[in-house]
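Engineer: If you're matching them up, the sequences are chains A and U in order. At position 37 of the first sequence the residue is numbered 36 (numbering that gives the first Met the number 0), and the sequence of numbers has no breaks. At position 37 of the second sequence the residue is numbered 36 (numbering that gives the first Met the number 0), and the sequence of numbers has no breaks.
Hints were generated in silico from the structure; no laboratory data involved. Hints are not guaranteed to be accurate.
With a Cα cut of at most 27 angstroms, we get these calculated DSSO-like pairs of lysine-lysine [what the hints assert, rightly or not]:
id, chain 1, residue 1, chain 2, residue 2
1, U, LYS41, A, LYS66
2, A, LYS136, U, LYS86
3, U, LYS86, A, LYS90
4, U, LYS41, U, LYS17
5, U, LYS41, U, LYS95
6, U, LYS95, A, LYS90
7, U, LYS95, U, LYS66
8, U, LYS66, A, LYS90
9, U, LYS66, U, LYS86
10, A, LYS70, A, LYS136
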Amino acid sequence: MRENNMIIEFDSRSENEGFARVAVAAFVTPLNPTLEEIEDVKTAVSEAVTNSVIHGYGERVEKIILKASIKENTVSIEITDFGCGIENIEKAMEPMYTTRPDLERSGMGFAFMEAFMDEIHIESEVNKGTTIYMNKKIMG
Amino acid sequence: MSDIFRIEDETLRIMVPKDLDHHNCITIRETADTIMMQQNIKEILFDFQHTEFMDSSGIGVIVGRYKNMKCLGGTVAAIHVNQRIRKIFLLSGLSKMIMIYEQEA
Numbered sequence: 000m001r002e003n004n005m006i007i008e009f010d011s012r013s014e015n016e017g018f019a020r021v022a023v024a025a026f027v028t029p030l031n032p033t034l035e036e037i038e039d040v041k042t043a044v045s046e047a048v049t050n051s052v053i054h055g056y057g058e059r060v061e062k063i064i065l066k067a068s069i070k071e072n073t074v075s076i077e078i079t080d081f082g083c084g085i086e087n088i089e090k091a092m093e094p095m096y097t098t099r100p101d102l103e104r105s106g107m108g109f110a111f112m113e114a115f116m117d118e119i120h121i122e123s124e125v126n127k128g129t130t131i132y133m134n135k136k137i138m139g
Numbered sequence: 000m001s002d003i004f005r006i007e008d009e010t011l012r013i014m015v016p017k018d019l020d021h022h023n024c025i026t027i028r029e030t031a032d033t034i035m036m037q038q039n040i041k042e043i044l045f046d047f048q049h050t051e052f053m054d055s056s057g058i059g060v061i062v063g064r065y066k067n068m069k070c071l072g073g074t075v076a077a078i079h080v081n082q083r084i085r086k087i088f089l090l091s092g093l094s095k096m097i098m099i100y101e102q103e104a
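Could you put the whole structure together from the sequences, leaning on the hints where they help?
Structural biologist: Here it is as structure tokens:
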């Protein structure tokens with residue numbers, strides 16, 4: 000497959016975390032990923048969407064936009080919210096760092112995204128929102 | 000009590016659902032803590048035999064129970080951990096914190 004694109008907009012409800020990762024998994028299927036690659040992508044999407052639900056919107060119901068594209072055998076994923084934004088991205092990316100220990104957040108979200116994807120990039124502005132860009136080459 | 004939670008002597012076995020994510024963590028956390036307070040529980044055993052997916056939210060719920068059990072002098076363990084879940088355990092350092100049983104005692 001040469002190129003394929005998709006966009007989904009959904010409410011920032013926790014039940015949509017599962018929907019988002021399954022949608023991306025289905026979208027990536029034509030690249031014939033291994034089971035491990037599929038699980039890696041699903042975990043990374045789940046982490047990013049959960050961050051938007053919990054941190055971006057503080058559990059308010061607003062919109063999350065998920066974009067995915069396939070070029071050659073690389074999948075690129077963008078997850079955007081229009082929530083509170085991240086004040087200190089470097090700090091947010093530190094393993095075990097969390098602003099919500101009250102919710103038993105492990106602080107491993109970004110560490111997992113980094114571990115399971117080839118590249119991750121974050122753009123965020125306080126009170127404007129956050130976009131996570133990730134990509135991964137599917138070896139199959 | 001739902002079929003997720005089983006009390007076996009002093010062990011609370013939690014049958015982890017197919018997906019252990021933020022959405023599913025909420026009920027597990029609340030119900031497990033209620034049972035722990037009401038019953039004489041010495042061990043929480045997370046049983047992953049039906050689990051296909053887990054993310055960092057799952058780490059949070061296990062670490063949270065670990066901390067609570069430690070206060071009560073109890074332990075937390077996991078069983079039927081497949082390759083994927085094992086990878087998440089290793090990456091997060093959870094495998095150093097709790098026992099992973101290979102099979103039923």
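Engineer: A separate judgement is required for each hint: does it hold in the structure or not?
Structural biologist: Hints, verified against the model:
no. : hint               : in the structure
1   : U/LYS41 x A/LYS66  : 46 angstroms, violated
2   : A/LYS136 x U/LYS86 : 20 angstroms, holds
3   : U/LYS86 x A/LYS90  : 25 angstroms, holds
4   : U/LYS41 x U/LYS17  : 25 angstroms, holds
5   : U/LYS41 x U/LYS95  : 20 angstroms, holds
6   : U/LYS95 x A/LYS90  : 25 angstroms, holds
7   : U/LYS95 x U/LYS66  : 14 angstroms, holds
8   : U/LYS66 x A/LYS90  : 24 angstroms, holds
9   : U/LYS66 x U/LYS86  : 22 angstroms, holds
10  : A/LYS70 x A/LYS136 : 9 angstroms, holds
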